[in-house]
Amino acid sequence: MEPVVQHVWGWLIALYLFLGGMGGATMIVAHYFYASKREKSLAAPGALASLIMVVLGALFLILDLEKPEKFYLAVIKFQTSSWVFRGTMILSGFIVFGALYAAGLLPWFQWVPWAKSERAMDALGLIASAFGLLVTTYTGILLGVLKAVPFWHSPALPALFVASGLATGIAAMGIINALQGLRRPVDERVRFVGYCTTLSKWAAIVVGAEMFILALYYYVNMFGPAEASSAVSMMLFGELRRSFLAYLDFVLLGAALLSMLYHVRKADLIAGRDQSVVKSCILPLGGAILIIIGGLLLRRTILEAGVMTQFAP
Amino acid sequence: MTRYGMIIDLRSCIGCGACIAACDMENETPWEEGKRRTYVPRFTFGSYPNVTVVYMPRLCMHCENPPCVSVCPTGASHVTADGVVLVEHDLCIGCKYCVVACPYDARYVDERIRSVDKCTFCYTNRVLKGEVPACDATCPGRVRIFGDLDDPNSEAGRLAASGLAKPLRPDLGTNPKVLYVPKVKSI
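Chains as they are written, first to last, in this note's numbering: chain A, 1 to 313; chain B, 1 to 187.
Keep in mind the hints are simulated off the structure, nothing from the lab.
No experiment lies behind these values; they were computed from the predicted model shown.
Each residue gets a CB set at the ideal place from its N, CA and C atoms; glycine is no exception.
It is possible that part of the hints are untrue.
[Stated by the list, open to error] The calculated lysine-lysine pairs, modelled on DSS-like cross-linking and capped at a C-alpha distance of 27 Å, are:
id, chain 1, residue 1, chain 2, residue 2
1, A, K40, A, K116
2, B, K35, A, K67
3, A, K70, B, K35
4, A, K67, A, K77
5, A, K201, A, K40
6, A, K147, B, K35
7, A, K37, A, K116
8, A, K147, A, K67
9, A, K37, A, K201
10, A, K77, A, K147
11, B, K166, A, K147
12, B, K166, B, K183
[Claimed, not checked] Quick look at which bits of chain B chain A covers, simulated, 3 or more residues with Cβ under 8 Å:
id, segment
13, 65-77
14, 92-100
15, 109-117
16, 161-174
Sequences are here, hints too, so could you generate the full structure?
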């Protein structure tokens, strides 16, 4: 039998899943820089970018509705069994606490009372990060609970989306870090080069974890139900091969670039060599952008491989 | 309590498509776009000269444990007291989660009304008036037998109780109320 692939969720949902995953993880990394280093110059743009990503993702979700003007029904009808409803609650919590946290970090909102209290900001950042993790995980659960698509119906899918979300979130913070570093005088830049080294190391580790989960996910599905196995075949040998390989190329190349820079920079530091702008800021931008494009391609490819349950008499 | 369901006798289906036409006319489906509430795929088994052709009418299974209802964020997809799964078009926001959640590929988006749509067993337009669904009324081979599955005096109830009619993919745990009498043993 020819596999029947779901055809109702396309690019808009892929963008939503991608931006939700990346946005949630960006908040976690942004809060790390505030909580451990009090580095507002990274935490503030990171939290703001994270909010923009999630809000933009939610807009794509609303645009995908047949009746976008009635999206509020998904909130007020309180259908607690639906992961779309649960998702709107998680997104709302993230947007509220993320906005409060970002306000306390951004220079234009320093008049808010909690901006002066480090304890309050730590607590808000922790809550926003917890919601960020929920947003990132939820994007995988939304698909993972569907028995009608055996390829998606696996605990490995949320794990894969979390790993990919974290990789793209770290990459997004890498871009913010590189841009902040470029704006600074040379003597201040060293600090950002140090952060860049940390972020590059994290990105490479998380991409490694993502590849491990991906391999397990595919291997198990290959020997799973016929629909799941045909979805894997479509990605490895069929019509989705090109986009799947593009995803792998982008993410692996990005991680390799960041990993290489991490080692070069470490060697530079040990040898006392100058941290050039190119090495410290421009090249990491390339690696981060590749990982982010890869994250989007992953969501799109997984959606396109949604082979539905099949029946024969 | 009434528990509406349908028995489909695959031994009698000749694939004439009268049920599809009757449904399209009765429910004004967007059939021009290839979207229908019921359809009849053909399956061929074996090789010449031992060939079997099976026509398998498909429609919403009106599950007792419908995944489309539990995933709906607005309550638009709901089950009536007599077990018919319906979509309230005014409440449907068109998130399409139910379309992806239905393991039986029974739902589609009707762009004319910007809502998800599916088979209703002709609930409001025929069943509540004491008639059977249009597909059942039209079928020349008595393939589709609609009725109360819990009523031992109805043909549908007797067939359901006989164990001859079986659900599709019981492993999915959806408990469909559309049951098939198989033509070949593999169902």
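Query raised in the report: Hey, K67 of chain A versus K77 of chain A, does the alpha-carbon distance stay inside 27 Å?
Result: The hint holds at about 16 Å.
Report task. Quickly compare the C-alpha distance for K37 of chain A and K116 of chain A to 27 Å and report which way the hint goes. Result -> Satisfied, since the Cα-Cα distance of roughly 16 Å is no more than 27 Å.
Report task. Decide if the proposed pair is consistent with the structure: K147 of chain A and K35 of chain B, CA atoms, cutoff 27 Å inclusive. Result -> The hint holds at about 23 Å.
Query raised in the report: If you look at each residue in the segment 92-100 of chain B, do at least three have a Cβ nearer than 8 Å to any Cβ of chain A?
Result: holds (count 8)
Query raised in the report: Is the hinted pair K201 of chain A and K40 of chain A satisfied, with a Cα-Cα distance of at most 27 Å?
Result: Holds, at about 21 Å.
Report task. Compare the distance between the alpha carbons of K37 of chain A and K201 of chain A with 27 Å, and conclude whether the hinted pair is satisfied. Result -> holds (17 Å)
Query - Pairwise hint evaluation, K67 of chain A against K147 of chain A, where the allowed Cα distance is 27 Å at most - result: The hint holds at about 26 Å.
Query - Outcome, coverage hint (the segment 161-174 of chain B, chain A; C-beta under 8 Å; three residues) - result: holds (count 4)
Query raised in the report: Holds or violated: are the alpha carbons of K166 of chain B and K183 of chain B at most 27 Å from each other?
Result: Cα-Cα ~12 Å, so holds.
**Report entry** 27 Å Cα cutoff - pair K166 of chain B, K147 of chain A
**Finding:** holds (20 Å)
Query raised in the report: Between K77 of chain A and K147 of chain A, does the CA-CA distance stay at or below 27 Å?
Result: holds (24 Å)
Query raised in the report: Three or more residues of the segment 109-117 of chain B near chain A by CB distance under 8 Å?
Result: holds (count 5)
Going through the hint list in order, the structure satisfies each hint without exception.
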